[in-house]
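Student: Single-letter residue listing:
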Amino acid sequence: MTFTSWQFGLFVAIVFATYYLPLVRPFQVHLLVLSSLFFYGYGQVELLPMLAVAVLGTYLFLVLAMQARAIWLPVGIAFNLGLLAFFKYKFLFFDPATISAGFSAADFLLRLPLPIGISFFVFHNISLLVDLTKDHKTRRPDLTEAFLYIIFFPQLVSGPITRAQMFLPQIKEKRLTDVDFVETAKWILTGYFFKLYVANNLNEMTAYMDFPLYETVRLEDKWVLVFLYSYQIYADFFGYTAIAIGLGLLFGYRLPTNFNLPYISASFSEFWTRWHISLSTWLRTYLYIPLGGNRHGTGRTYLNIMIVMGLGGLWHGAALSYLAWGTMHGALLVLERVIQGNIGGNPHWEAVVQPVRIGLVFFCVSMLWIFFKLPNFDHALAYLSGMFTANTVPLQAKLFHNLALLYSLPVIIQHLAPRWLMEAARRGAEPYLYGLMTALMCVEAGPSTSFIYFQF
Amino acid sequence: MNPISPQNWFLKCSIAAGLSLLVYAAIAIAGPKAPPLPTNRDGALTVLDRYMQEPVPRVLLVGSSLTARLNEVYFDTPDLRVIGLAGGSPITALEVALARNRLPKTILIEMNILGRGEDPVLVQKFSGAATSTWPRPIRSAIAFYERWLHAPPDRRQAKADAAALLQGPPSDFDSRIYADRALHQSNAEDPTVAVRANVTRMEQLIAAIEKRGARVLLYELPYSERLEGSRSARTTREIVHSKFPDPDRWLHIDFTRSELRWADGVHLDERSALIVVQSIDRALSSLLGPA
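The listed protein sequences correspond, in order, to chains A and G.
Oh and the first sequence: position 328 is 319 in the numbering used here, straight run, nothing missing.
Oh and the second sequence: position 30 is 34 in the numbering used here, straight run, nothing missing.
Be careful, since some hints might not be right.
When the alpha-carbon atoms are kept at most 25 angstroms apart in a straight line, the in silico DSS-like pairs for lysine-lysine are as follows [what the hints assert, rightly or not]:
id, chain 1, residue 1, chain 2, residue 2
1, A, Lys389, G, Lys129
2, G, Lys37, A, Lys389
3, A, Lys128, A, Lys163
These aren't lab readings, by the way, just hints derived from the structure by calculation.
Given the structure is predicted, the values throughout are model-derived calculations rather than measurements.
Produce the entire structure from the sequences given, and follow the hints as far as they go.
Tutor: Dropping the structure here:
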């Protein structure tokens, strides 16, 4: 069930209509857990037992780790990483064509499809284990609360990755009068607008980046498509997150923001504080800092950055392209540290240097998205080389630049419009603006397509 | 400044959305129909939409992407239209043509690619049975703009371009990598079942066309030498010729094969398509006489 389907709209309407009824109020957490299980199992019932095993197993290790952290915390983390590794990377070791149609447990497990959102709920599980066993004062959540934290449906499939310390204190009785409906509507409308109007329409064009279609694309259009994909992936993921945040608010839970205008970052380290913030925070808290962070000298810091970014890349999938994407981001972060450590900034030149830096970061980030768009490494390299070679193939694909610009405009305006202009518009015209966005996404929605991050 | 109340906020938001949708609906219902805006050249949508919008021609060529390369403006035969559907089948084009009240006097059907059958979405969209779909306003605006910007080429200019193209030598573009891929695909599966079914359907459509008084001729476009012997080409040719053995049913196209090139291993390049167009013109002229 995707956020853009009518079934999902009906599902949310029914859950919302029930959730705040006085009779149901004592069972709000249970209702959300059941709804989340329904949401997850809709169309993929065979994966529900796996989800249950992941949550129940994690809860068992949580109980044990609260008694003996040194022993059970590593076991619990290994259990979750094992789940992630099995489902995401099993085909590195098993050829899908050779898996027999037998009835043994191993055959059954090998035949199971990749559970949607596994990367996200495994990270929630690890956060639960680490955060709650840090000191003895923390109250242990009951099983239903743990379930809700891990499988709360707005964030179950693609995040944002919420830390246990942030979510669990919010589990309490909710009242309709506490819901800020305007803020909720703004998040949800913005999310759907970015998904339906921007991402889905741009997807029609960036589909030409796929193999073998890119062989029919003109040289200059290959460049244009790279930047369009930059806008698309942002609109797609930002849209999803905005809907998730809005839905969270509808049920009384505030989820963390995941994006903060990433394409105006003036450095690569800044980019990672603005893009997929919840993943960056998670990796920093649970991987970079435990590895030693920047506390053991320059060389070790660089190594830690490369490890974290490399694993962050692999987290997206078992493909060389994802590893290349992560390690190249790591290399840029290291390079930036080396350069910044040796060059003192001149404040007089800041007005000139800043836009150049923003442009450079955006350019590099966009170029690296090629490895994201084309998980087959050979295809990614072929695309890259095609960006520097004139395409002599006759009957080339056509890209309408004016249409591309109109579909990209919301992302460009959001990032580049002066703050004072946005504030001024917001004061008087805000509700009308949201009304126009609603109309536009109704009449100009692109062909339906899954959220890009659903595959992770 | 006092913050706006939630009720007021939602009221203003709804008014803006409602009014915008009303204006849109009024324009969509009463305004002109926007042309399609496909993201690839010679898209099936554009070709079929244009066929349905314009008067019924005297001569119609229908076929796959092979036929799509035969540019209408290069034909000397007057009042001729080409429906070549990239990735599609001549059956789709025939179904759409049959949906109109009047038929062209002569219909030429390409018989090279018959492994693909009717595209039900396209047929439904253009056969009049489709329910009306609401246009996307921004896309429509760009479509109108693009049509205004890129009006159909001037016929005289196109003829001059064609003459210049023929003056030059054949292309030396190396398409082996594409030809290898095409050959691999053509040999991958046995198309017998699909081709038999589609040829049977084609026979029914031809009977329906002839019943309405139109003349039907079949033609085959040349493949590159490597593809001529592929399983798909061979099987299709055998089935088609055993079903339609009468030589008078076929349009005989003569050309100098050594002058032909295939841009991507399968489809004729511009100059070669022009050579084939001229030979079709000659064949039509002797069959149909002057316009």
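Student: Now tell me, hint by hint, if it's right for this structure.
Tutor: Now for the hints, and whether the structure bears them out:
{"no.": "1", "hint": "A/Lys389 to G/Lys129", "verdict": "holds (23 angstroms)"}
{"no.": "2", "hint": "G/Lys37 to A/Lys389", "verdict": "holds (22 angstroms)"}
{"no.": "3", "hint": "A/Lys128 to A/Lys163", "verdict": "holds (19 angstroms)"}
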